[in-house]
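From just these sequences and the hints, can you work out the full model?
Top to bottom, those sequences are chains A and B. Using my numbering, the first residue of the first sequence is number 1, and each one after it goes up by one. Using my numbering, the first residue of the second sequence is number 241, and each one after it goes up by one.
Calculated directly from the structure, the hints in this document are not laboratory data. Keep in mind that a hint or two might mislead.
Chain B side only, calculated, beta carbon under 10 Å to chain A, not exhaustive [what the hints assert, rightly or not]:
no., residue
1, R292
2, E317
3, R318
4, A324
5, V336
6, M339
7, L347
Stretch-level coverage of chain B by chain A, calculated; a stretch enters the list once three of its residues show a Cβ under 8 Å from a Cβ in chain A [unchecked claim]:
no., region
8, 259-273
9, 279-285
10, 295-304
11, 308-315
12, 327-333
Cβ atoms here follow ideal geometry from the backbone N, Cα and C, with glycine treated the same way.
If you want the building blocks of each chain, they are given just below.
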Amino acid sequence: MSAPIKNPAAETLPRPPGLAGLAADWASDQRTFKNVSWGKAMMWIFLLSDTFVFGCFLLAYMAARMATTVPWPNPSEVFALEIGGTHLPLILIAIMTFVLISSSGTMAMAVNYGYRRDRRKTAALMLLTALFGATFVGMQAFEWSKLIAEGVRPWGNPWGAAQFGSSFFMITGFHGTHVTFGVIFLLIVARKVWRGDFDTERRGFFTSRKGRYEIVEITGLYWHFVDLVWVFIFAFFYLW
Amino acid sequence: MAHAEVHAAQHSVHTEQQQHPIKLYLLVWGLLFVLSAFSYLVDYFGLQGYLRWSLILIFMMLKAGLIVAVFMHMAWERLALIYAIILPPLLVLVFVALMVSESNYILFTRQLFFAGGE
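Here it is, written out as structure tokens:
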């Protein structure tokens with residue numbers, strides 16, 4: 001090897017491409033995710049575990065819906081709104097979807113500006129993302145209040161199968177909680193970016209370690225995941 | 241000292257790797273909007289049956305793929321990470337198959353013993 005070995009954990013030998021390279025990466029006595037930092041790898045693994053949580057919720061919903069003898073309430077009608085005299089099916093959910101997708105777009109751009117070390121634009125885009133997220137949660141609160149006023153409860157509802165309420169509150173409630181925590185996470189990181197912590201190498205309050213702009217990407221991973229889960233909820237719960 | 245070098249090396253790797261033109265993100269953003277609009281229209285026009293379900297699933301998978309591949313940068317990650325994250329959720333499909341069969345059985349017994357009296 002003529003190239004100097006800078007990092008004993010990183011790649012020092014040329015890897016075969018494709019599946020042979022995959023097997024080589026996973027072979028013993030080495031770091032598997034070569035150029036992926038631990039922060040990012042661990043966020044991915046957390047998101048994997050969260051995938052199973054939401055996967056099980058959607059599965060439970062599927063099982064409940066398939067096994068009930070009572071007809072399932074029609075989500076298209078349940079979530080319809082009258083706007084300006086016109087009856088629009090699922091309109092609030094559609095708007096919520098667009099809001100969340102927009103927040104993902106601004107988040108992706110924030111990551112991009114973060115790696116360019118443009119702290120003002122990064123912080124501004126992250127705050128915009130948090131604002132979209134808060135809007136989403138606000139609209140969800142409106143949706144919940146409306147349904148509760150109409151008599152939807154975890155144990156029953158006026159339109160059909162009793163499991164509708166419990167599935168709805170469980171799935172959207174858990175997702176809304178994720179969005180809320182995401183907003184808090186975004187605000188914390190945006191503050192650090194705005195203050196220039198990653199330019200001045202200021203040490204963290206809790207860990208006493210210097211942060212890097214990579215935390216913007218890690219926050220972004222979480223945020224995009226929340227959007228991703230919504231894609232599945234939108235398809236399976238609202239449209240099915 | 242060596243530790244600092246390691247960090248510097250890692251840093252340069254990342255800045256090189258996950259730097260993509262803003263245009264790409266705007267394009268994906270637009271595509272996600274269009275796909276969401278399409279899946280909303282499936283409901284708006286009241287399509288039913290297999291056409292509805294297949295369209296919903298196609299739009300869902302396209303949206304999920306775009307988010308994971310571009311927004312979450314999975315398309316540019318190492319194969320070792322891609323497989324570690326993408327393969328395990330596929331096992332949920334086995335669980336789905338189990339629960340479909342179980343739910344059908346529960347529905348069958350409910351219809352047999354309870355629904356007759358209603």
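So, R292(B) near chain A? Judge it on the closest CB pair being under 10 Å. At about 8 Å, which falls below the 10 Å cut-off, the nearest Cβ of chain A leaves the hint on R292(B) intact, so it holds.
Within the assertion that chain A covers the region 327-333 of chain B, do at least three residues meet a Cβ-to-Cβ distance smaller than 8 Å? It holds, with 3 qualifying residues against the three required.
Three residues minimum, CB to CB under 8 Å: does the region 279-285 of chain B make the cut for coverage by chain A? Let me know. holds (count 5)
Minimum beta-carbon distance criterion (10 Å), V336(B) to chain A: holds (6 Å)
Please count how many residues of the region 259-273 of chain B have a CB within 8 Å of a CB from chain A and say whether that reaches 3. holds (count 9)
8 Å C-beta test of the region 295-304 of chain B against chain A, three or more residues: holds (count 6)
R318(B) as an interface hint toward chain A, with CB separation required under 10 Å: holds (6 Å)
Residue hint M339(B), partner chain A, criterion CB-CB below 10 Å: Where the cut-off is 10 Å and the nearest Cβ of chain A is about 5 Å from M339(B), the hint holds.
Restraint outcome when E317(B) is required to lie within 10 Å of chain A by C-beta distance: holds (7 Å)
When the nearest CB of chain A is found for L347(B), is that gap smaller than 10 Å? holds (5 Å)
Is the interface hint for A324(B) satisfied, with its Cβ closer than 10 Å to some Cβ of chain A? This hint holds: A324(B) lies near chain A, its Cβ roughly 8 Å from the closest one there, short of 10 Å.
Can you take a look at whether the region 308-315 of chain B is actually covered by chain A? Rule is 3+ residues, C-beta closer than 8 Å. holds (count 5)
Violated hints are absent here; each numbered hint is respected by the structure.
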